[in-house]
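Each chain is listed here by its residues.
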Amino acid sequence: MRSSQRRERAPLALKLAAGAGLAFLHLPILLIFLYAFTTEEKSYVFPPPGLTTKWFAVTLGRPDVWEAMGLSLRVAALSTVIALILGTLCAAAVSRSRFFGREAISLLVILPIALPGIITGISLRSAFSIMDIPFSTFTIVLGHATFCVVVVYNNAVARFRRTSASLLEASADLGANGFQTFRFVILPNIGTALLAGGMLAFALSFDEVIVTTFTAGQQQTLPIWMLEELVRPRQRPVTNVVAMFVVLITFLPILGAYYLTRSGEETAGGGK
Amino acid sequence: MTARPLLAAGPLERLSDLFWRRPPVLLTLLLIPPLLWLGIIYIGSLFALLAQSFFSIDEFSGLIQYELTLKTYGELLRPSNFDIIVRTVVMAACVTLASAVLSFPIAYYAARYARGRWKALFYLAVMLPLWSSYLVKIYAWKMILAKEGIVSWVVEGLGLGFILDALLGIPVLGGTSLSVSYIGTFIVFVYVWSPFMILPTQAALERVPGSLLEASGDLGAGRGQTFRHVILPLALPGIVAGSIFTFSLTLGDYIIPQVIGSSRLFIGQAVYAYQGTAGNIPLAAAFAVVPIVIMMLYLWVAKKQGAFDAL
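Chains C and D, in that order, give the protein sequences.
The first sequence begins at 52 in the numbering used here and counts up by one.
The second sequence begins at 4 in the numbering used here and counts up by one.
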């Protein structure tokens, strides 16, 4: 009794430290929302001299922003589809049975995000140049899908682990063949986990810049457009607005993935 | 109404019978596509990179000589290049340490005191910064650290301008403003990578049974002693697991020091510069091998610490 009451109270210092840490993580993102409305064009002066919504209209009228956005969405969609297929296959194989090299396969899947992105990037680039592959949307997708597999894989493996083998046996006993079992038993069971994994993969690809700089050539995805602005700021107000939109666009899949998997112990997004 | 026979022998049924009787067939079929993709595209590219690092560049013609040599690795030891490696590793270590200190209270509170809705809220509060756009986060810090930005405004408002000036006056670490100093680079690295530390630390702390802490208290240990001798050793695998990310990500990053920092290079920037304008792919490849080797060593040590069980 006493111990459970004692657990309720955190020391004040701990509360302050945790609160300060969370504030440090969140305030900079909130600042993005403020700066999207600033009237200042030439500097990052704080506090903003005035607030306006005119930059939203300016940004919406910019063809380069739309083109970059379109390319990013295409790449993210394609990479997500490939990652969903490969990640699910891998998860199914690894969770179904124990076999020689099983550990090596999980390592292989994790490696593209465990090693720094610049290594994936320059490796792909040197492979492209050796094989004379010209840069295209396809080369970007090739890189993105490779590191998106792990997100789908993590979600799918966790769900497969919770899906009881007796369900599959019951399905077979009732006369279903393997494909029927997949369609009517396995898929409904892992569906939300795949959806969550897919959303995270989408967010990961949509935001990726380090690998992309090596595989894009002259093409501009939205993150590459932003990177240009970061290195050589030319149109700060437009960048401010784009930054705010990017924050909103990436938050939606994250919240969605969380909502879909929150009941289980394997809440999505734990590993990026 | 014709009832379908229960045990029809269509091609699909025969195929699924085969899978049932011989699991290795299905296993192989499942594994072929992902293994082909990751094996050819990813591992193949890694080998392409590795191979490049054993070539060298002709100093006069600037052309790559396709003969195996260790000359390029020797160049890494030149003082100017070796400085880059040391600088990056020191920065990665500092960032990892600071991330651990920053993350611990959050993880500890979330693991031991947050319950129900608070717990969910804490989880989201870690997830959102973790997943929000990398570039936008850097952009936000460019605004914050700029000379005319919010940090200067707050510091001036509090009349503490002399502290900021003293910080920026430190040789090597300082600079004309926070956004062009190592201090700025360090802050942004910690900001961007510390969320990766929180979740593994929290996972390790969740597994520390409350009764253990009570036992420690019953045996006469003070809060500090319990922390040092019970909580910290048990949380360590989680912290090491998190440090894999903070360390590796700092080692390879080339955008943060490029946008916020002094002009002195980090490994990532060196790789980028040598493969791009300089066209010295072998040296770029050799530089890229450095973080791989460091991370292999790091992972090996981490595995001994049991960090993989905490992932």
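Just so you know, these hints were derived from the structure itself, not from any lab.
Remember, predicted model here, so these are calculated numbers, not experimental data.
Heads up, a few of these hints could be off.
[Said to hold, decoys possible] Calculated lysine-lysine pairs in the PhoX-like style (CA-CA distance at most 25 Å, straight line):
{"no.": "1", "chain 1": "D", "residue 1": "Lys-150", "chain 2": "C", "residue 2": "Lys-93"}
{"no.": "2", "chain 1": "D", "residue 1": "Lys-122", "chain 2": "C", "residue 2": "Lys-105"}
{"no.": "3", "chain 1": "C", "residue 1": "Lys-93", "chain 2": "C", "residue 2": "Lys-105"}
{"no.": "4", "chain 1": "C", "residue 1": "Lys-93", "chain 2": "D", "residue 2": "Lys-145"}
{"no.": "5", "chain 1": "C", "residue 1": "Lys-66", "chain 2": "D", "residue 2": "Lys-122"}
[Said to hold, decoys possible] Label-pair distances were calculated between CB atoms; the ranges are:
{"no.": "6", "chain 1": "C", "residue 1": "Arg-149", "chain 2": "D", "residue 2": "Asp-221", "range": "27 to 33 Å"}
{"no.": "7", "chain 1": "D", "residue 1": "Leu-32", "chain 2": "C", "residue 2": "Ala-128", "range": "43 to 49 Å"}
{"no.": "8", "chain 1": "D", "residue 1": "Thr-72", "chain 2": "C", "residue 2": "Arg-147", "range": "45 to 51 Å"}
{"no.": "9", "chain 1": "C", "residue 1": "Asn-240", "chain 2": "D", "residue 2": "Pro-27", "range": "19 to 25 Å"}
{"no.": "10", "chain 1": "C", "residue 1": "Leu-306", "chain 2": "D", "residue 2": "Val-175", "range": "41 to 47 Å"}
{"no.": "11", "chain 1": "C", "residue 1": "Phe-233", "chain 2": "D", "residue 2": "Leu-302", "range": "52 to 58 Å"}
Beta carbons are placed, not taken as given, at the ideal position from N, Cα and C, and that holds for glycine.
Quiz item: So which of the earlier hints does this model not fit?
Solution: 2, 6, 7, 11
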